[in-house]
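Novice: As a plain string of letters, each chain reads:
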Amino acid sequence: MSKNRRRSTQSTAAIREQLSDTAGTSPTVAGGRRRSLQPTPAAPSLAADAIEEPAPGASNGRRRSIPPAEADPHWDAEGNRRSAAAEPPAERGRRRPAQGQPEGAGAQPRLDPAEPERAGRGRRRSAPDAGTAAPEPSAEHTVGALSGQLPHGTEYRAGEISTEAGRYLRRAARDDAPARFGAPTGAVDDAARQVWEIAFGLVVRRRFEPDSPLAEISRTVATAVHEHAAAGLPALDAEMLVRHALGEIVPVGDLPGDVLVAVHLLLFASIADELALGDEELDAIVAEAEEKVSALVPA
Amino acid sequence: MGQTGTLDKAATAAGRLILEAMGEERPARSLSRLNDSPRAVRLLRELFTVAVRRSFVGRDPRDVTRYVRDLLEYQTLPAGGELARQAEAMIRGAIGEPELAHGVPELRRFELICHVIGDLTRPPGVPAAELFALVDQAEKRVARFDRPRNRVVGRRSM
Numbered sequence: 001m002s003k004n005r006r007r008s009t010q011s012t013a014a015i016r017e018q019l020s021d022t023a024g025t026s027p028t029v030a031g032g033r034r035r036s037l038q039p040t041p042a043a044p045s046l047a048a049d050a051i052e053e054p055a056p057g058a059s060n061g062r063r064r065s066i067p068p069a070e071a072d073p074h075w076d077a078e079g080n081r082r083s084a085a086a087e088p089p090a091e092r093g094r095r096r097p098a099q100g101q102p103e104g105a106g107a108q109p110r111l112d113p114a115e116p117e118r119a120g121r122g123r124r125r126s127a128p129d130a131g132t133a134a135p136e137p138s139a140e141h142t143v144g145a146l147s148g149q150l151p152h153g154t155e156y157r158a159g160e161i162s163t164e165a166g167r168y169l170r171r172a173a174r175d176d177a178p179a180r181f182g183a184p185t186g187a188v189d190d191a192a193r194q195v196w197e198i199a200f201g202l203v204v205r206r207r208f209e210p211d212s213p214l215a216e217i218s219r220t221v222a223t224a225v226h227e228h229a230a231a232g233l234p235a236l237d238a239e240m241l242v243r244h245a246l247g248e249i250v251p252v253g254d255l256p257g258d259v260l261v262a263v264h265l266l267l268f269a270s271i272a273d274e275l276a277l278g279d280e281e282l283d284a285i286v287a288e289a290e291e292k293v294s295a296l297v298p299a
Numbered sequence: 001m002g003q004t005g006t007l008d009k010a011a012t013a014a015g016r017l018i019l020e021a022m023g024e025e026r027p028a029r030s031l032s033r034l035n036d037s038p039r040a041v042r043l044l045r046e047l048f049t050v051a052v053r054r055s056f057v058g059r060d061p062r063d064v065t066r067y068v069r070d071l072l073e074y075q076t077l078p079a080g081g082e083l084a085r086q087a088e089a090m091i092r093g094a095i096g097e098p099e100l101a102h103g104v105p106e107l108r109r110f111e112l113i114c115h116v117i118g119d120l121t122r123p124p125g126v127p128a129a130e131l132f133a134l135v136d137q138a139e140k141r142v143a144r145f146d147r148p149r150n151r152v153v154g155r156r157s158m
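As they're listed, the protein sequences go chains A and B. Each residue of the first sequence is one higher than the last, beginning at 1 in the UniProt record's numbering. Each residue of the second sequence is one higher than the last, beginning at 1 in the UniProt record's numbering.
Do not take every clue at face value.
With beta-carbon atoms standing in for the labels, derived distance ranges [stated by the list, open to error]: (1) LEU107/B - ALA215/A: 29 to 35 Å; (2) GLU99/B - ASP279/A: 42 to 48 Å; (3) GLU281/A - ASN35/B: 54 to 60 Å; (4) GLU274/A - VAL41/B: 39 to 45 Å; (5) ALA133/B - ALA295/A: 55 to 61 Å; (6) GLU160/A - GLU99/B: 47 to 53 Å; (7) ARG39/B - ARG219/A: 37 to 43 Å.
Rather than coming from a laboratory, the hints here were simulated on the basis of the structure. Think of the CB as a built atom: it goes at the ideal place given N, C-alpha and C, for glycine as much as any other residue.
Using the sequences plus the hints, can you model the full thing?
Specialist: Here it is in structure tokens:
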């Protein structure tokens, strides 16, 4: 299974946006042991010769617990959500900018035949008037081939799936989508990722209590990994994401984007199957996720 | 501040090397320098298994997550990413979920083993007598698994 783990070389800086709430739990050492904090910083390397340990003065003491002040990689210091525009898949889904607007360095020409048709329907191509035009949406808000944003001119209706990403997720849950290998092949925008992530969190919290035994979580994850063996889901990463959705502080900081999407889609499908969700219940969960994304991302 | 009177407590030369390294100021670093001794590396793996099982079997597996975060933060290593997941996979692999640790590279395994052993088995957090007992048990495991009839490498006779 481990041979199938798909690991990109994406750096930590390109961490995806996580939207589920995390409840801080105070870290404790097994056995209640604590040590004093190392005063001198060491390079984060684990090379055999580079193994650096705390200063001798601190080595005999117990490790001091550090408050769980883990910086959320998805929010900056000012409380603003960090843009994920650097993610390559998001760049692929970026809409062509209007004339007169400088094109971003990472923007690539659209190759999806569906996009020009959609973009040409109601999109202004002329440069916007500085005084009257609505602000151009950022890369985070653009509509891609598989978007989590509402098409223009439509409104959300309660319990009804409205976006392409939502419909894709429903098809994945009904084993009707080409998602058995994980991430979809086409372009996916950030809103679609958010829809899937929030829907994943909703279904995880419906399935598990925050203090559910880890064995129960592991069993569900193992079932999902087995069901979607072709995708080669990394079991520990999937388990970490489930626990993250339940509010635990777990190391999910540098998970690759394709692993995130695959776990969100396939575990959502597996848990929906485990819960035996009906069509209406499934649609309600997806629609709720879409609604939350629309509240997060201004139109 | 090396320990005294420990070197005669181990039956093998590898065990004595490990006990000597554990008495150094920085045990993880000292243990990592034993990587050129195959017998010491073999014994370290068994010592890791013994130490982890004594510490975590019967506990909530979430304690492993908390312990790893605490250990890495203490070592000023990144505690929120792949390294933490690999460390957790190694520890949980030793206490009954071996499939979790299959993806961890060999060098990283050795480094994490040195860190965990240096943290879990080192006096004064662990009494010296317990350390000797752990090394003794690890030596017995090595001897048991390295007997010809227990070797799984190569073709066995029918």
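Novice: Each hint: holds or not?
Specialist: For each hint, the structure was consulted:
no.: 1; hint: LEU107/B - ALA215/A: 29 to 35 Å; verdict: 31 Å, holds
no.: 2; hint: GLU99/B - ASP279/A: 42 to 48 Å; verdict: 35 Å, violated
no.: 3; hint: GLU281/A - ASN35/B: 54 to 60 Å; verdict: 55 Å, holds
no.: 4; hint: GLU274/A - VAL41/B: 39 to 45 Å; verdict: 43 Å, holds
no.: 5; hint: ALA133/B - ALA295/A: 55 to 61 Å; verdict: 59 Å, holds
no.: 6; hint: GLU160/A - GLU99/B: 47 to 53 Å; verdict: 41 Å, violated
no.: 7; hint: ARG39/B - ARG219/A: 37 to 43 Å; verdict: 39 Å, holds
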